[in-house]
Amino acid sequence: MSSADSFQPAPPPPDRRSISERAMPVRSYEGAANADYLEGLNAEQSDAVLTIDGPLLVLAGAGTGKTRVLTCRLAHILNTGRAYPSQILSVTFTNKAAREMRERVGGLIGQQVEGLPWLGTFHSIAAKILRIHAELVGLKSSFTILDTDDQIRLLKQVIKAADIDEKRWTGRYLAALIDSWKNKGLTPEKLSSKESYKFAEGKGAALYKTYQDRLKVLNACDFGDLLLHNLTLFMENPDVLKKYHQKFKYLLVDEYQDTNVCQYLWLRLLAQGSQNICVVGDDDQSIYGWRGAEVDNILRFEKDFPGAKVVKLERNYRSTEHILGAASGLIASNQDRLGKTLWTEDTGGHKVTVTGVWDAPAEARIVSDEIESWHYKGRKYNDVAILVRASRQMRSFEERFIQLGLPYRVIGGPRFFERLEIRDAHAYLRVLKSDTDDLAFERIVNTPKRGIGATTIQKLQQAARAMHISLEAATRELTKTDEIRGKARTALRAFILDIDRWRAEAKDIRHTEIAERILDESGYTQMWRDNKDAKSAGRLENLKELIQAMGEFDTLDAYLEHVSLVLDVEKGPQEDEVSLMTLHSAKGLEFPLVFLPGWEEGVFPSQKSMDENGLAGLEEERRLAYVGITRAREKAKIYFAANRQVYGSWQSSVPSRFIDELPIQHVDVETGTGQPASNRIAQDVARDFTSSFETARSQRASSPGWQRYEANKGKKYGRGPKEIEGHAIRRPAKKAVSEFKVGDRVFHQKFGYGRVTSADGNKLGVAFEKAGDKNVLDGFVDRA
DNA sequence: GCGCAGCCCATTTTT
DNA sequence: TGGGCTGCGC
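Each step along the first sequence adds one to the number in numbering that gives the first Met the number 0, with nothing skipped, and position 416 is 415.
Check each hint, because a few of them may be wrong.
Pairs of lysine-lysine residues, derived as DSSO-like cross-links and limited to a Cα-Cα distance of at most 30 Å, are as follows [stated by the list, open to error]:
id	residue 1	residue 2
1	K376	K448
2	K208	K155
3	K183	K208
4	K183	K215
5	K448	K458
6	K458	K379
The set of hints was computed from the structure by calculation and includes no laboratory data.
I would like the entire structure built from these sequences, with the hints used as guidance.
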């Protein structure tokens with residue numbers, strides 16, 4: 000597809016069906032009784048729903064009704080009697096997606112979904128399968144699932160035991176490596192020496208092996224293992240695989256572009272049975288390459304599954320023409336894509352705006368003014384989202400919102416069960432349940448502080464290893480003798496007695512009550528009550544929520560089983576609040592008004608991403624931009640700052656290349672003048688550009704750069720972006736000539752005085768007297 | 001064993 | 001700039 004014509008939303012594709020096909024009422028589809036759910040689907044959507052046999056790839060662009068298709072398809076398979084609910088495998092990535100799908104299918108066909116036992120996340124389904132056949136991969140079916148934190152702590156021990164410099168080679172890094180290996184479906188045996196050399200001069204594979212052995216001893220799995228053990232299980236036990244071939248008549252995969260190699264192999268093995276695999280995804284929204292997702296999986300689908308049918312959903316029901324035009328134009332700069340063009344009947348609407356601001360506080364000020372004016376017009380805060388590239392960008396917004404009392408919520412961040420206090424509480428519960436859970440025991444043996452230090456714990460570990468017993472058992476042994484003395488011994492003995500008492504009590508009382516009792520009697524809640532830190536109150540709140548969450552399960556075991564894989568605590572009642580989140584966590588969501596701040600080179604696209612992954616990294620960043628814009632239903636507003644504080648020091652910044660890639664006909668450039676004087680935004684822009692140093696104001700106002708800026712701002716681009724030079728908003732064309740030359744003495748608002756050391760178009764290298772060497776746009780410096 | 005000062009580093013996040 | 005970790009001193 001040529002990129003030029005994709006800037007404009009395409010007209011509706013011709014309906015290629017025959018007259019009789021068109022006349023055919025969908026509800027008369029073979030075997031489908033009472034197929035109300037098929038009504039209102041467009042031609043492509045119903046094609047995707049009705050094609051139930053053989054491999055099918057549904058390329059579902061943003062806002063094209065993907066979930067609807069998925070759920071209708073499920074309903075349709077059930078309704079036509081093609082399969083029982085238990086014969087359909089439907090996988091998603093997140094619990095949220097799984098839950099939504101379950102609810103929506105339920106809405107379509109009622110009761111039957113009760114029996115959709117194989118609808119869930121990759122991990123929960125893999126865990127379910129693994130529990131059934133655990134022995135075949137050397138585990139017991141009661142295995143525990145470790146989270147990242149446990150994983151790292153275990154790896155630290157492994158690294159230490161191997162006598163490797165822990166500072167040079169961290170547990171975190173090895174955890175990331177092992178994760179990436181598991182994502183690729185690599186067991187320690189399959190690891191190339193090149194991969195192994197990524198850690199401690201070739202010790203990677205050996206440590207990986209040791210770690211896996213340790214996990215087996217602990218009867219535990221990490222997240223990656225769930226899928227990887229499944230692969231081993233299926234490949235080493237063809238009879239087991241065959242059983243699942245017979246079982247699953249239909250496979251349904253959501254967000255296929257996010258699958259990693261391991262998940263792909265898993266799906267391919269399972270699909271060998273019926274060949275009825277339907278994957279839904281959008282290559283343009285693949286933004287998880289860094290955690291192992293292979294866009295290639297979706298690009299290659301037709302080759303992997305010969306005879307696969309491809310259905311493209313291109314009609315967008317979410318956004319206006321301009322939003323889609325801007326997003327399509329931007330994504331057209333990517334090379335590796337299957338190529339789709341979204342279109343809509345929703346013509347008109349607002350163009351995407353691009354606004355240049357002075358710095359982050361100004362950005363926050365202008366955005367908050369916009370939000371207030373939106374709210375003043377009677378619109379909801381809930382309809383507004385601010386999407387940033389990195390969470391640190393949230394700060395200036397939060398500060399501003401707090402100052403104004405503007406209600407907001409941060410989406411994402413540490414999840415409920417990843418919080419310190421929740422993990423600690425879980426560790427207590429794990430110890431209650433199992434006397435061999437060393438990781439849990441170690442975590443809480445001195446939390447709250449009982450006077451048991453590293454030395455004591457080391458002694459316990461040594462003893463446990465020597466006697467091949469658990470830490471808890473070793474503790475029992477060592478406190479009987481004089482190995483451990485004094486305060487530590489007393490404390491350990493008391494602790495063991497507590498555990499014994501809790502275990503005895505747990506037999507008779509409800510699990511929520513024993514949990515409360517443990518937190519109380521262990522001194523854990525007291526520890527936070529005594530803590531003066533601002534977060535303590537919140538932690539105590541979270542512990543209350545934990546008890547509440549537990550109450551929703553009948554037993555402690557049921558609760559713990561769900562904790563690691565599916566538990567997420569729903570936020571309380573919906574307040575009317577602005578949402579603040581990263582672009583990544585915005586995927587799948589939509590908002591009438593979307594703010595996209597921080598579109599500057601290095602910030603977005605992220606420098607790190609480009610450094611580490613080159614063009615592929617840049618393209619993923621661009622997809623992220625595409626995801627960002629397509630979240631908007633009515634308005635998308637892009638911002639960039641001329642200066643940004645990075646790691647404490649000020650840097651001048653260059654507008655993101657993505658801004659120049661937006662098709663100009665869908666963009667409005669918003670700046671100070673050219674707007675009515677009563678416009679608050681206009682005033683703000685003017686203020687932002689003049690605030691900091693009043694003294695330098697007259698100087699700057701008379702500089703050529705400023706005058707040119709004044710002349711151009713508010714002007715809308717009639718033609719291609721390259722035709723206007725030196726506008727503050729545009730990245731300068733390469734050949735533009737600056738009126739500054741090497742050696743000129745200049746003044747900059749933030750950096751002070753300096754001398755030009757290089758001039759590349761409008762980009763100047765300046766050696767500032769105080770601030771050091773910086774690259775700045777010439778529009779932001781004045782002749783001194 | 002604990003608390004504090006200095007040091008180092010610094011995307012994106014789900015299970 | 002600021003948060004998290006470490007090592008040192010008590």
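Hints and how they fare:
no.: 1; hint: K376 <-> K448; in the structure: 55 Å, violated
no.: 2; hint: K208 <-> K155; in the structure: 14 Å, holds
no.: 3; hint: K183 <-> K208; in the structure: 16 Å, holds
no.: 4; hint: K183 <-> K215; in the structure: 21 Å, holds
no.: 5; hint: K448 <-> K458; in the structure: 18 Å, holds
no.: 6; hint: K458 <-> K379; in the structure: 60 Å, violated
Violated hints, in rising order: 1 and 6; the structure is consistent with all others.
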